[in-house]
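Sequence order for the protein chains is A and B.
Under the working numbering, residues 1 to 113 are what the first sequence spells out, in order.
Under the working numbering, residues 1 to 113 are what the second sequence spells out, in order.
These aren't lab readings, by the way, just hints derived from the structure by calculation.
The structure presented is a predicted model; accordingly, all values stated were derived computationally and were not measured.
Take these hints with a grain of salt, some might be off.
[To be verified] Residues of chain B clear of chain A, computed beta-carbon distances all greater than 10 Å:
{"id": "1", "residue": "Asn3"}
{"id": "2", "residue": "Ser18"}
{"id": "3", "residue": "Thr24"}
{"id": "4", "residue": "Leu46"}
{"id": "5", "residue": "Ala70"}
{"id": "6", "residue": "Ala91"}
{"id": "7", "residue": "Asn98"}
[What the hints assert, rightly or not] Taking beta-carbon pairs under 10 Å as the criterion, some of the chain A residues facing chain B (in silico):
{"id": "8", "residue": "Tyr33"}
{"id": "9", "residue": "Tyr35"}
{"id": "10", "residue": "Phe45"}
{"id": "11", "residue": "Asn56"}
{"id": "12", "residue": "Gln102"}
Quick reminder that beta carbons are idealized off the backbone N, C-alpha and C, glycines included.
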Amino acid sequence: EAGVTQSPTHLIKTRGQQATLRCSPISGHTSVYWYQQALGLGLQFLLWYDEGEERNRGNFPPRFSGRQFPNYSSELNVNALELEDSALYLCASSPLWGGETQYFGPGTRLLVL
Amino acid sequence: GENVEQHPSTLSVQEGDSAVIKCTYSDSASNYFPWYKQELGKRPQLIIDIRSNVGEKKDQRIAVTLNKTAKHFSLHITETQPEDSAVYFCAAPEPSNNNDMRFGAGTRLTVKP
Numbered sequence: 001e002a003g004v005t006q007s008p009t010h011l012i013k014t015r016g017q018q019a020t021l022r023c024s025p026i027s028g029h030t031s032v033y034w035y036q037q038a039l040g041l042g043l044q045f046l047l048w049y050d051e052g053e054e055r056n057r058g059n060f061p062p063r064f065s066g067r068q069f070p071n072y073s074s075e076l077n078v079n080a081l082e083l084e085d086s087a088l089y090l091c092a093s094s095p096l097w098g099g100e101t102q103y104f105g106p107g108t109r110l111l112v113l
Numbered sequence: 001g002e003n004v005e006q007h008p009s010t011l012s013v014q015e016g017d018s019a020v021i022k023c024t025y026s027d028s029a030s031n032y033f034p035w036y037k038q039e040l041g042k043r044p045q046l047i048i049d050i051r052s053n054v055g056e057k058k059d060q061r062i063a064v065t066l067n068k069t070a071k072h073f074s075l076h077i078t079e080t081q082p083e084d085s086a087v088y089f090c091a092a093p094e095p096s097n098n099n100d101m102r103f104g105a106g107t108r109l110t111v112k113p
C-alpha cells in the first residue's frame with residue numbers, strides 16, 4: 001500500500017510570491033490534514049479537508065488556503081509569502097471522519113527568501 | 001475545545017534507563033490517544049495508540065497508560081536505546097469539533113549511549 005505522498009520535496013520562494021503544495025492521501029482515505037512545523041517546533045494545525053469540504057481551520061491568516069479534489073488529493077496555497085512561512089509543511093491522511101490515526105507524508109520544506 | 005499539554009518538553013536519559021512522557025487532555029469525551037515518533041528529518045509515525053476502553057497497552061519496549069478520571073495518558077519506554085532518540089508527540093481528539101485531533105507540543109528525547 002502506497003503511503004501519503006507530497007510534492008515538491010523542497011520549494012524556494014521569495015517574499016510576496018505564492019506557493020502551492022500538493023498531497024496525495026493513502027488510497028481509500030478521505031480526510032486530509034495540513035500542518036506547519038517550524039524548525040525544531042511542534043505541529044501547528046492548518047487545515048482539515050474531508051469529502052471535498054473544509055472541516056476545520058487552524059489559527060492561520062486567510063492567505064493560507066487549500067482545497068480537496070474529487071480524488072481526495074489536496075492542495076495547500078500560501079499567498080503573499082513571508083519569511084516566517086519558512087517551515088516543513090506536513091500532510092496527513094486518515095481513513096475516517098476525525099478521531100483516528102493520521103498517516104503523515106514526508107513533507108514539503110518551504111524556504112522563503 | 002480540547003487542550004493537550006505534554007511534558008516534559010525535553011528529556012535526556014542514559015541508555016538502558018526508562019523514559020516517561022505525559023500528556024493531559026481537557027475533553028472527557030475524548031476516546032482515542034495516539035503517540036507519534038518523529039526522527040530527525042523524517043515524518044511523524046504512529047508508534048502506539050490506546051482507546052478509552054482500556055487502561056494500558058504494551059508493545060515490546062513501549063507502553064501507554066490511560067487514566068480517564070485524571071484525563072492523562074503517558075508513554076513509557078523501557079530499556080532505552082540511542083535509536084529511541086526523537087521527538088515524540090501525543091494527540092487527542094476534540095469530540096466537540098468533529099473529533100479533530102489536537103497534538104501536544106512534543107518532547108525531544110535524547111538517549112545517551
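Checklist line | Cβ separation check - Asn98 (chain B) to all of chain A, threshold 10 Å | finding: violated (5 Å)
Next item on the list: Hey, is Ala91 (chain B) genuinely clear of chain A, shortest beta carbon separation above 10 Å?
Entry: violated (8 Å)
Check: Does Leu46 (chain B) sit more than 10 Å from chain A, CB to CB?
Finding: For Leu46 (chain B), whose nearest Cβ neighbour in chain A is about 5 Å away, the distance does not exceed 10 Å, so it is violated.
Margin query: So Asn3 (chain B) supposedly isn't at the interface. Is its beta-carbon more than 10 Å from every beta-carbon in chain A?
Written below: holds (13 Å)
Check: Looking at Ala70 (chain B) again, its CB stays over 10 Å from all of chain A?
Finding: holds (21 Å)
Note to self: Checking a non-interface call: every C-beta of chain A should be farther than 10 Å from the C-beta of Ser18 (chain B). Is that right?
What the structure shows: holds (24 Å)
Notebook entry, point to check: Should the label of Thr24 (chain B) as a non-interface residue stand, given a Cβ cut-off of 10 Å to chain A?
Noted result: Correct as stated: the minimum Cβ-Cβ distance to chain A is 16 Å, above 10 Å.
Checklist line | Proposed interface contact between Tyr35 (chain A) and chain B, which counts if any beta carbon pair is under 10 Å | finding: holds (8 Å)
Checklist line | Hint check: 10 Å Cβ-Cβ cutoff, Tyr33 (chain A) to chain B | finding: Status holds, d = 8 Å.
Note to self: Restraint: Asn56 (chain A) near chain B, CB-CB cut 10 Å. Satisfied or not?
What the structure shows: Hint holds; Asn56 (chain A) Cβ to chain B Cβ min 5 Å, cut 10 Å.
Check: Would the stated hint for Gln102 (chain A) survive a check requiring a Cβ distance to chain B of less than 10 Å?
Finding: At about 6 Å, which falls below the 10 Å cut-off, the nearest Cβ of chain B leaves the hint on Gln102 (chain A) intact, so it holds.
Next item on the list: Mind checking the CB of Phe45 (chain A) against every CB in chain B and telling me if the closest is under 10 Å?
Entry: Because about 7 Å separates Phe45 (chain A) from the closest Cβ in chain B, which is inside the 10 Å limit, the hint holds.
Of the numbered hints given earlier, the model fails hints 4, 6, 7; all others are met.
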